[in-house]
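Visitor: Add chain B to chain A, keeping to what the hints say.
2 protein chains.
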Amino acid sequence: MGDLTSQDLAMNSPPGIADIHAAAIRLSGLIVETPLIESPELNKRFGARILFKPETLQRTGSFKFRGAYNKLSSLTEEERSRGVVAFSSGNHAQGVAASAAMFGVKAVIAMPTDAPAMKVGNVRKMGAEVVPFDRFRDDRMAVVRPYMDRGMVLVPPFDDPAIIAGQGTIGLELMAQAKALGVSLDAIVIPCGGGGLSSGISIAVKDASPDTAVWAVEPEHFDDTCRSLAKGARVSIEPGHTSICDALLTAEPGAMTFEINRRNLAGGIAVSDKAAAQAMRDAMAHLKLVVEPGGSVGLAALSSGEIELSGKCVAVVLSGGNVDFATYAEIMAAA
Amino acid sequence: MGDLTSQDLAMNSPPGIADIHAAAIRLSGLIVETPLIESPELNKRFGARILFKPETLQRTGSFKFRGAYNKLSSLTEEERSRGVVAFSSGNHAQGVAASAAMFGVKAVIAMPTDAPAMKVGNVRKMGAEVVPFDRFRDDRMAVVRPYMDRGMVLVPPFDDPAIIAGQGTIGLELMAQAKALGVSLDAIVIPCGGGGLSSGISIAVKDASPDTAVWAVEPEHFDDTCRSLAKGARVSIEPGHTSICDALLTAEPGAMTFEINRRNLAGGIAVSDKAAAQAMRDAMAHLKLVVEPGGSVGLAALSSGEIELSGKCVAVVLSGGNVDFATYAEIMAAA
Numbered sequence: 001m002g003d004l005t006s007q008d009l010a011m012n013s014p015p016g017i018a019d020i021h022a023a024a025i026r027l028s029g030l031i032v033e034t035p036l037i038e039s040p041e042l043n044k045r046f047g048a049r050i051l052f053k054p055e056t057l058q059r060t061g062s063f064k065f066r067g068a069y070n071k072l073s074s075l076t077e078e079e080r081s082r083g084v085v086a087f088s089s090g091n092h093a094q095g096v097a098a099s100a101a102m103f104g105v106k107a108v109i110a111m112p113t114d115a116p117a118m119k120v121g122n123v124r125k126m127g128a129e130v131v132p133f134d135r136f137r138d139d140r141m142a143v144v145r146p147y148m149d150r151g152m153v154l155v156p157p158f159d160d161p162a163i164i165a166g167q168g169t170i171g172l173e174l175m176a177q178a179k180a181l182g183v184s185l186d187a188i189v190i191p192c193g194g195g196g197l198s199s200g201i202s203i204a205v206k207d208a209s210p211d212t213a214v215w216a217v218e219p220e221h222f223d224d225t226c227r228s229l230a231k232g233a234r235v236s237i238e239p240g241h242t243s244i245c246d247a248l249l250t251a252e253p254g255a256m257t258f259e260i261n262r263r264n265l266a267g268g269i270a271v272s273d274k275a276a277a278q279a280m281r282d283a284m285a286h287l288k289l290v291v292e293p294g295g296s297v298g299l300a301a302l303s304s305g306e307i308e309l310s311g312k313c314v315a316v317v318l319s320g321g322n323v324d325f326a327t328y329a330e331i332m333a334a335a
Numbered sequence: 001m002g003d004l005t006s007q008d009l010a011m012n013s014p015p016g017i018a019d020i021h022a023a024a025i026r027l028s029g030l031i032v033e034t035p036l037i038e039s040p041e042l043n044k045r046f047g048a049r050i051l052f053k054p055e056t057l058q059r060t061g062s063f064k065f066r067g068a069y070n071k072l073s074s075l076t077e078e079e080r081s082r083g084v085v086a087f088s089s090g091n092h093a094q095g096v097a098a099s100a101a102m103f104g105v106k107a108v109i110a111m112p113t114d115a116p117a118m119k120v121g122n123v124r125k126m127g128a129e130v131v132p133f134d135r136f137r138d139d140r141m142a143v144v145r146p147y148m149d150r151g152m153v154l155v156p157p158f159d160d161p162a163i164i165a166g167q168g169t170i171g172l173e174l175m176a177q178a179k180a181l182g183v184s185l186d187a188i189v190i191p192c193g194g195g196g197l198s199s200g201i202s203i204a205v206k207d208a209s210p211d212t213a214v215w216a217v218e219p220e221h222f223d224d225t226c227r228s229l230a231k232g233a234r235v236s237i238e239p240g241h242t243s244i245c246d247a248l249l250t251a252e253p254g255a256m257t258f259e260i261n262r263r264n265l266a267g268g269i270a271v272s273d274k275a276a277a278q279a280m281r282d283a284m285a286h287l288k289l290v291v292e293p294g295g296s297v298g299l300a301a302l303s304s305g306e307i308e309l310s311g312k313c314v315a316v317v318l319s320g321g322n323v324d325f326a327t328y329a330e331i332m333a334a335a
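As you go down the protein sequences, you meet chains A and B in turn. Here the working numbering is used: the first residue of the first sequence is 1, the next is one more, and so on. Here the working numbering is used: the first residue of the second sequence is 1, the next is one more, and so on.
Fair warning: there could be bad hints in the mix.
Copies of one chain are not kept apart here, so a pair can be met inside one copy or by any two copies together.
Said to hold, decoys possible - For lysine-lysine, the following PhoX-like pairs were computed, each having C-alpha atoms within a straight-line distance of at most 25 Å:
# : residue 1 : residue 2
1 : K44       : K179
2 : K125      : K44
3 : K125      : K312
4 : K231      : K206
5 : K106      : K44
6 : K44       : K312
7 : K125      : K106
8 : K44       : K231
9 : K44       : K206
These are computed hints drawn from the structure, not numbers from a lab.
Bound-form chain A, shown alone (with noise of 0.2 Å):
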């Protein structure tokens, strides 16, 4: 215990409302605050009041960069010289990858060889180098391991005080912008991968607003925050399924996140590629949004009938925008 320093336990201990403000400042000017969209013909089909919020128009077009740029500015000078390392499928790549490039240090980000071709590209783009895993076979914490034992620090992709932090600053300005329209909102709908943003941005509504409900949301067979919740601990899915929301593939919640969503939420909700895709075209038809997969869950589970809709008002999160060409096209052709 005497070796404990107060990097530890500060490492060990879940984000509270006052590190979601102190992030909101580390990160005013830099970020998007990303507007709320509402459509006519989204609210008459669901008898309710959607507010959309479009992560899609973040920096780098997901709201990881919200959670790495927070991570990144809790660093010391001396351990940012080091350089940082990061593993993603893409989102918090990107995210990873333009913080550094503001901060002027190495990144170096293991991303799986099925990751989309724009989010490998964009992460090269800004100068981060790219180290390629297979998804299915490589142990991902023994890829980026090399660059650690070198001094690099690991910026997690969502188990991490200030990555969850970064990412609550979203409920911080939902909130902020649902009381300018004179409305409170009897749920928020977020997708949901390691969890990092739904409670991140769990902490900020329900500071707020006690009684709204918080929503995670993710693809079926990767529904490991639906179950953990239903169970009420962590559980891990089976291995072997695959799904479009590449953003979202993770196989068990993390420690802290899931403490925390535990806490909050009011359930999971999964969703099929099938809804997912039509929530991609829904988002493209009524709100001129183009949103990736995993972006699209939140608008796929209004569908579900798990919410209570009617008359209520909901935000949901539309959480990336980053799809390649030939996928989105594919998608669109299909309506």
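Guide: Frame of chain A, contents of chain B only:
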């Protein structure tokens, strides 16, 4: 002259900045104040700071709601009760249909048979009656004349002071948003069909910042405003051409819009369909915005070499995002 009413005089006078401020008050709370969006990648490519004004996110998916609603507001209750009639390839149609629905009055819209299915479908969904006509063979005024004879009020697509003033509210927003960012705009680049959008915005921009250059952008072969500006008088394009930019296929500038544009515009630029399609892909990849062909020509014009960009701050209006799935998929797949 004794028969000239104040309404006739108003109809014949171009709007001024006071009319645009009045329109902004009427539209307040009904329109989306569209945000400014930028892309580090596009900024780097053009060596400039490019601020996009996405009217794709506007109610009905294009800027046209602003002018249409302002026009309907300017009618007397008795006039509105007779219903409204318009002709449009689709965006003005949706603006008029949405405005008529909000006022609870009947709307009849003449639309070309080759209008995008999404535009026709949206107009019908909003409760308006669609009367098809042949873009190449029919006289559109002859199509709407019977409805006007029955007392319905024509809502012209561009050559009308209330329409121009409504579109001009974009200029007010742009200047206020640029000021809030602490930047001054060197140029503003605007898609142009009949000139209602560019003339309206130019009034607001020149009032606040006389040195800001305002550019109109048209599709190749439909560059009537370009040619008219060069000649100093209204000229028509030669018939027989087509373009993917269905929203911008006007044969000649409006009388009133051209009078304003002649005073206020730096010039006109014509872009190819190929350049418009590339701009749609750039908007998809870097802005995550769905932009229709005609809505993308301002972005396309940045690559024309006709606008000085190096080190400048330039606003680009993305005027609409109503494009059919099949067309959009085809253009995305051509990347």
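Visitor: None of the hints should be skipped; say for each whether it holds.
Guide: Structure-based check of each hint:
Taking CA atoms no more than 25 Å apart as the test, K44 paired with K179 passes inside one copy only; the shortest distance there is 22 Å, against 36 Å between copies. In this assembly of identical chains, the alpha carbons of K125 and K44 lie at most 25 Å apart only when taken from different copies (11 Å versus 42 Å within one copy). Proximity of K125 and K312 under a CA criterion of 25 Å is satisfied inter-copy only: 23 Å between copies versus 43 Å inside one chain copy. For the homomeric pair K231 and K206, the shortest alpha-carbon distance inside one copy (22 Å) is at most 25 Å, but the shortest distance between copies (63 Å) is not.
Only between protomers do K106 and K44 lie at most 25 Å apart by alpha-carbon distance; the minimum there is 20 Å, versus 49 Å within a single protomer. Proximity of K44 and K312 under a CA criterion of 25 Å is satisfied intra-copy only: 12 Å inside one chain copy versus 43 Å between copies. Proximity of K125 and K106 under a CA criterion of 25 Å is satisfied intra-copy only: 13 Å inside one chain copy versus 53 Å between copies. Taking identical chains as interchangeable, the C-alpha atoms of K44 and K231 are never at most 25 Å apart, the minima being 35 Å within one chain and 49 Å between chains.
Taking the shortest alpha-carbon separations for K44 and K206, neither the intra-copy value of 28 Å nor the inter-copy value of 40 Å comes in at or below 25 Å.
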